[in-house]
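Chains as they are written, first to last, in this note's numbering: chain A, 30 to 467; chain B, 18 to 196; chain C, 2 to 499.
Hints are computed from structural coordinates only; laboratory data are not their basis. Misleading hints may appear alongside valid ones.
Claimed, not checked - Cut-off 20 Å, straight-line C-alpha distance, at most; resulting in silico cross-link-like pairs (EDC-like, lysine to aspartate or glutamate):
1. 167/C - 62/B
2. 167/C - 86/B
3. 167/C - 90/B
4. 134/C - 391/A
5. 132/C - 391/A
6. 132/C - 158/A
7. 450/A - 397/A
8. 167/C - 372/C
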Amino acid sequence: MPGRQLIMNFPVTATSHRLADYRARGGYQTLAKALQSMRPEDITKEVTASGLLGHGGAAFPVGRKWAVVNLNDGQPHYLCANADEGEPGTFKDRWILEHAPHLLLESMLIASYALQVRHAFVYIRGEFDLPYRRLQYAVEEAYAAGYFGTGILGSDFACDLVVYRGAGSYVCGEASALITSIEGKKGLPRNRPPRLTVRGLYQRPTVINNVETLANVTGIVRDGAEAFKRVGIARSPGTQLVSISGHLRRPGIYEVEYGYPVVRFIDEDCGGILDGRRLKCIVPGGISTKVLTAEEIADLTYDHKAFEKKGSQLGSGGMIAIAEGTCMVRLLQVMLRFYHHESCGQCTPCREGMGWLHRTIDRIVAGDGRREDIDTLIRVSEANDGTTICGMGDAAGYATVGILAKYRDEFEHWIEHKRSKFDGVLDVAQAAREPADA
Amino acid sequence: MSTALGPVSDALVLAPVPNPQRRDSMRHLQPEFEAMKARYPAGFESSLTLPCLRRIQEERGYVAGEDIDWLVEYLGVPRIQIEEVLSYYTQFRRAPIGRWHLQACRNVSCSMRGAEGLIGYLSRKLGIASGQTTADGRFTLTKVECLGSCGTAPVLMVNDSYHENMSAERVDALLEQLR
Amino acid sequence: MPDFFVNGQPVHADKGQTVMQAALAAGCYIPYFCWHPNLSIAGNCRVCVVEVEGEGGGGSWTDIACNMPVTEGMRVLTDSPRVQELRRQTLQFILLNHPVDCGICDKAGECLLQDHHYQFNGLPSASTIPKVKATKFVPLSQRIVLDNERCILCSRCVRFTREVSKTDALGIVSRGDTSLVRAAEDGAFDRDHYSDNVIDLCPVGALLAKSFLHQTRVWYLQATRSVCPGCARGCQVDLWHRQPEWQLNAPCFSEQRTRNRIERVTAPASSPERAGDAVDGPWICNTGRDLARFFERPRALQPMLKGRAAPLHAALEAARRLLGAARRPALLVSSWGSNEELAAAARLVARHARAGIDVFVKADRQAEAGEPIADDLLIRADKNPNTRGAQALFGAAPVRFAAGTDVVLVWGEGFAFGDLPRGARTILLNAFVQPENGHADAFIPISVQTERAGSYTQCDGREVRFAPCFDKPAAVAHAEQVFEALAESVAGARAGGG
Numbered sequence: 030m031p032g033r034q035l036i037m038n039f040p041v042t043a044t045s046h047r048l049a050d051y052r053a054r055g056g057y058q059t060l061a062k063a064l065q066s067m068r069p070e071d072i073t074k075e076v077t078a079s080g081l082l083g084h085g086g087a088a089f090p091v092g093r094k095w096a097v098v099n100l101n102d103g104q105p106h107y108l109c110a111n112a113d114e115g116e117p118g119t120f121k122d123r124w125i126l127e128h129a130p131h132l133l134l135e136s137m138l139i140a141s142y143a144l145q146v147r148h149a150f151v152y153i154r155g156e157f158d159l160p161y162r163r164l165q166y167a168v169e170e171a172y173a174a175g176y177f178g179t180g181i182l183g184s185d186f187a188c189d190l191v192v193y194r195g196a197g198s199y200v201c202g203e204a205s206a207l208i209t210s211i212e213g214k215k216g217l218p219r220n221r222p223p224r225l226t227v228r229g230l231y232q233r234p235t236v237i238n239n240v241e242t243l244a245n246v247t248g249i250v251r252d253g254a255e256a257f258k259r260v261g262i263a264r265s266p267g268t269q270l271v272s273i274s275g276h277l278r279r280p281g282i283y284e285v286e287y288g289y290p291v292v293r294f295i296d297e298d299c300g301g302i303l304d305g306r307r308l309k310c311i312v313p314g315g316i317s318t319k320v321l322t323a324e325e326i327a328d329l330t331y332d333h334k335a336f337e338k339k340g341s342q343l344g345s346g347g348m349i350a351i352a353e354g355t356c357m358v359r360l361l362q363v364m365l366r367f368y369h370h371e372s373c374g375q376c377t378p379c380r381e382g383m384g385w386l387h388r389t390i391d392r393i394v395a396g397d398g399r400r401e402d403i404d405t406l407i408r409v410s411e412a413n414d415g416t417t418i419c420g421m422g423d424a425a426g427y428a429t430v431g432i433l434a435k436y437r438d439e440f441e442h443w444i445e446h447k448r449s450k451f452d453g454v455l456d457v458a459q460a461a462r463e464p465a466d467a
Numbered sequence: 018m019s020t021a022l023g024p025v026s027d028a029l030v031l032a033p034v035p036n037p038q039r040r041d042s043m044r045h046l047q048p049e050f051e052a053m054k055a056r057y058p059a060g061f062e063s064s065l066t067l068p069c070l071r072r073i074q075e076e077r078g079y080v081a082g083e084d085i086d087w088l089v090e091y092l093g094v095p096r097i098q099i100e101e102v103l104s105y106y107t108q109f110r111r112a113p114i115g116r117w118h119l120q121a122c123r124n125v126s127c128s129m130r131g132a133e134g135l136i137g138y139l140s141r142k143l144g145i146a147s148g149q150t151t152a153d154g155r156f157t158l159t160k161v162e163c164l165g166s167c168g169t170a171p172v173l174m175v176n177d178s179y180h181e182n183m184s185a186e187r188v189d190a191l192l193e194q195l196r
Numbered sequence: 002m003p004d005f006f007v008n009g010q011p012v013h014a015d016k017g018q019t020v021m022q023a024a025l026a027a028g029c030y031i032p033y034f035c036w037h038p039n040l041s042i043a044g045n046c047r048v049c050v051v052e053v054e055g056e057g058g059g060g061s062w063t064d065i066a067c068n069m070p071v072t073e074g075m076r077v078l079t080d081s082p083r084v085q086e087l088r089r090q091t092l093q094f095i096l097l098n099h100p101v102d103c104g105i106c107d108k109a110g111e112c113l114l115q116d117h118h119y120q121f122n123g124l125p126s127a128s129t130i131p132k133v134k135a136t137k138f139v140p141l142s143q144r145i146v147l148d149n150e151r152c153i154l155c156s157r158c159v160r161f162t163r164e165v166s167k168t169d170a171l172g173i174v175s176r177g178d179t180s181l182v183r184a185a186e187d188g189a190f191d192r193d194h195y196s197d198n199v200i201d202l203c204p205v206g207a208l209l210a211k212s213f214l215h216q217t218r219v220w221y222l223q224a225t226r227s228v229c230p231g232c233a234r235g236c237q238v239d240l241w242h243r244q245p246e247w248q249l250n251a252p253c254f255s256e257q258r259t260r261n262r263i264e265r266v267t268a269p270a271s272s273p274e275r276a277g278d279a280v281d282g283p284w285i286c287n288t289g290r291d292l293a294r295f296f297e298r299p300r301a302l303q304p305m306l307k308g309r310a311a312p313l314h315a316a317l318e319a320a321r322r323l324l325g326a327a328r329r330p331a332l333l334v335s336s337w338g339s340n341e342e343l344a345a346a347a348r349l350v351a352r353h354a355r356a357g358i359d360v361f362v363k364a365d366r367q368a369e370a371g372e373p374i375a376d377d378l379l380i381r382a383d384k385n386p387n388t389r390g391a392q393a394l395f396g397a398a399p400v401r402f403a404a405g406t407d408v409v410l411v412w413g414e415g416f417a418f419g420d421l422p423r424g425a426r427t428i429l430l431n432a433f434v435q436p437e438n439g440h441a442d443a444f445i446p447i448s449v450q451t452e453r454a455g456s457y458t459q460c461d462g463r464e465v466r467f468a469p470c471f472d473k474p475a476a477v478a479h480a481e482q483v484f485e486a487l488a489e490s491v492a493g494a495r496a497g498g499g
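Between the sequences and the hints, there should be enough to build the whole structure, so can you do that?
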């Protein structure tokens with residue numbers, strides 16, 4: 030077990046996601062404590078003191094985001110849980126939706142009380158089926174038990190929740206696109222200013238937090254900020270749900286305490302690389318983070334600052350382990366095809382740049398690459414850094430320059446020899462080796 | 018707010034896409050839409066666009082022009098908003114497809130665990146390319162991006178359900194079931 | 002009221018202004034495509050990027066100016082090396098898939114993309130991959146064609162239909178680099194009576210008027226500031242016609258192409274370079290776009306006496322005698338008359354003060370079938386440009402001939418000859434061919450608005466001026482001079498006794 034567990038700290042059974050089991054684990058008692066003995070500002074103070082960072086990818090201090098909301102402005106405020114989980118390699122929020130939906134709901138009720146939110150939303154990606162059904166069932170259970178609605182637990186706090194299903198768009202995981210989607214429109218990101226905590230959903234103050242981020246709130250309010258800070262490390266308190274996949278023996282969702290060594294996690298907890306191969310590199314936290322080679326992670330621990338010092342990020346916690354012999358050109362091709370497919374098309378650098386990147390790498394893979402194509406990939410990536418409405422342009426750029434910085438030779442090889450340095454097949458396990466059908 | 022809590026089955030749902038020949042109006046869904054509207058704050062009519070379209074598509078198999086006309090009238094949103102939404106989100110369609118929509122993820126982790134070979138296998142077995150429907154109207158094959166289930170790659174989404182840890186053998190067994 | 006610095010110069014900004022607004026007001030140009038002073042901020046083209054110097058040792062940062070609030074003391078650079086580089090990159094991106102249609106594109110010569118490319122980029126394309134193809138010449142409505150390949154997806158047209166004309170008739174479908182501007186499928190754009198403003202708004206040659214498509218190059222044209230006579234609102238318009246040295250005179254061109262014609266109509270303020278002293282907003286309605294229809298109907302070129310051709314002086318003489326001998330004359334004043342012409346008509350009436358002329362102002366034009374009557378944007382129910390000026394001089398009494406009216410001077414259109422008093426003689430002043438011309442006792446063809454200078458008093462009381470585009474045909478007279486000639490003769494006839 031990679032450290033102490035704050036969320037995945039109960040045995041998963043056929044009923045552990047249901048209200049009765051959740052209550053038996055102490056569920057909804059923290060909500061009662063919050064409503065009966067704390068003021069909304071106290072909750073925000075506790076969350077701020079805990080040092081809780083966002084788990085959606087940006088690692089923004091949660092308390093600081095909450096504190097922007099003016100509790101006395103007389104306007105409706107909204108809270109949205111981001112369950113869009115579209116970042117490739119990331120599949121950890123679904124664990125909470127499937128196995129601990131009430132933990133999310135109780136946390137959202139506490140957060141709604143802290144932020145004076147009357148209507149809360151969970152934005153869940155449209156493709157999710159079981160996570161959606163489990164969550165919706167939990168919502169119905171919570172309503173029936175009186176945790177939603179008016180006069181909750183005998184207080185004058187009222188809160189309603191709607192589970193809003195997306196319909197297939199990665200960009201809707203971006204906070205401003207998410208709320209525009211809830212408004213019933215195309216999920217197009219918005220320029221800032223204004224910040225969403227000032228003008229968000231239907232132009233009202235809105236807080237958007239990742240599902241896992243919110244799931245931590247109940248524990249913080251129950252046990253206090255100090256107890257939370259005793260888990261993890263100073264700059265990264267608590268834990269991270271890590272979804273790990275790729276060329277691994279035991280891919281899956283693990284809760285990793287911050288400070289835990291990465292290599293130990295991969296080799297011991299996840300069983301190491303398939304087929305006795307060695308690790309080549311990892312995508313640390315979703316494909317929008319820069320790859321780190323096996324050498325670079327040798328003494329790396331789960332630590333936001335440590336990853337930044339290595340030139341990458343912890344991101345959304347979606348780790349992909351890549352075995353030696355994997356063609357990084359083909360890997361980047363899959364990533365660029367994804368970004369091209371998902372670009373919303375609003376702003377010039379991303380709309381045109383994603384197509385440029387994708388078509389350039391397609392041409393390299395087709396054996397028609399030119400020497401200058403590598404510089405084109407770098408230049409287009411840099412031209413998307415900090416110039417776009419949302420972070421997707423930057424993300425594609427990071428993925429590209431990250432791989433090119435460490436594996437440029439593979440690209441040069443393909444351009445010169447018109448084929449991969451390896452066999453070009455991404456599936457290194459003993460699966461049926463049919464010709465690639467990209 | 019109270020609802021009846023029926024049992025929720027975790028079993029994979031194998032429900033086919035409705036008959037594309039269906040021509041009747043979807044106005045019988047209005048009571049459901051009214052119930053949905055009641056859960057939203059006042060003034061959120063526009064928000065109902067996505068859930069109503071999803072429900073209509075569940076009933077009809079796709080969204081027809083007359084459905085758009087009705088929603089414009091019912092929700093009071095501009096017609097262009099609905100047209101834009103239908104064209105922007107990948108899950109909405111304005112034309113019928115086969116009974117079984119096979120959506121194969123081709124993103125990074127799935128590709129690393131055999132998705133590319135699997136897609137090729139499906140394509141050859143069904144005799145169609147991605148984006149096409151078999152002549153008997155049974156299967157439509159599309160390639161999709163990350164479904165958020167990378168740990169159980171490769172993943173095949175069939176209509177609304179995730180089929181995980183797929184392989185050629187499991188694909189054969191699955192196709193047998195899908196009549 | 003923050004003061005800040007642009008390129009080292011102090012600039013004043015009003016509360017709530019963006020860097021873009023304050024800089025432009027101070028005369029410092031920041032290039033843009035998607036921004037427009039009368040539309041919401043889209044912030045999607047990314048061309049208006051500026052650099053802001055860091056404070057207290059912090060590094061500088063760059064961001065778009067159109068959405069950047071001014072803060073007190075901020076130091077903005079609009080042309081630093083970093084800004085130049087970012088702008089160049091953005092222009093390269095815009096040009097990546099833009100078809101180099103300039104040789105066949107109507108927008109050439111007034112295209113913002115051309116202008117910005119030459120001023121801020123000027124480099125050949127950096128791409129060696131084929132351009133993305135899209136639909137070309139899609140009929141967006143019966144009046145407008147759309148070329149999606151040229152479109153840079155600035156969304157000005159979409160925002161216009163959402164925020165100004167409020168028809169929500171346009172949108173952008175699909176996503177990424179397959180995004181396409183499209184009209185709502187219920188034909189709302191055809192019913193949008195302000196639709197043609199998107200042609201002015203479009204910074205490139207994506208949205209084009211069918212009526213102007215491939216007609217001429219803009220550099221052969223000149224714009225004459227004029228007034229739309231379509232209703233009492235009197236919006237300022239620019240009428241575009243060929244510069245004299247670029248007239249098509251060769252025999253191979255049809256008479257239709259060679260005679261004086263208005264090639265297109267735009268709103269002056271739609272282009273900052275042309276706005277100058279324009280007082281109206283940047284929009285005009287579609288009726289204004291179709292002004293050529295009003296002015297280029299078949300013209301009456303021949304004075305007549307009871308249908309028989311006569312020289313102008315003979316027609317004038319006949320008119321004089323008729324007026325002089327009239328016991329109870331009446332004058333129907335044209336609500337399309339300019340203030341100058343109306344003043345001349347008033348002097349004629351004054352000369353008849355002893356005998357008296359009954360004067361009535363008529364509405365020359367009524368709304369046509371399908372034409373909007375009035376709205377809360379620009380359109381007024383009165384479809385005549387100078388009712389106010391005419392009524393100020395002659396009152397607003399409805400046309401009702403007194404008993405014994407024996408001579409009627411009808412000026413302009415919109416009067417049914419069947420409503421004339423029985424036996425009355427008629428003097429008709431009209432610019433256009435109509436059957437009544439041949440029935441009048443004296444018919445004098447007159448000039449139209451585009452052939453003279455003048456002014457109207459529009460519905461709010463403002464005087465709006467227009468300049469001439471063309472010379473009048475030799476055979477017609479200016480109504481102002483006709484009235485002066487008739488007024489002289491009356492005095493003469495009276496003085497001469499009888």
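Item to check | Unmet hints by their number, sorted upward, for this structure | outcome: Going through the list in order, the structure violates hint 6 alone and respects the others.
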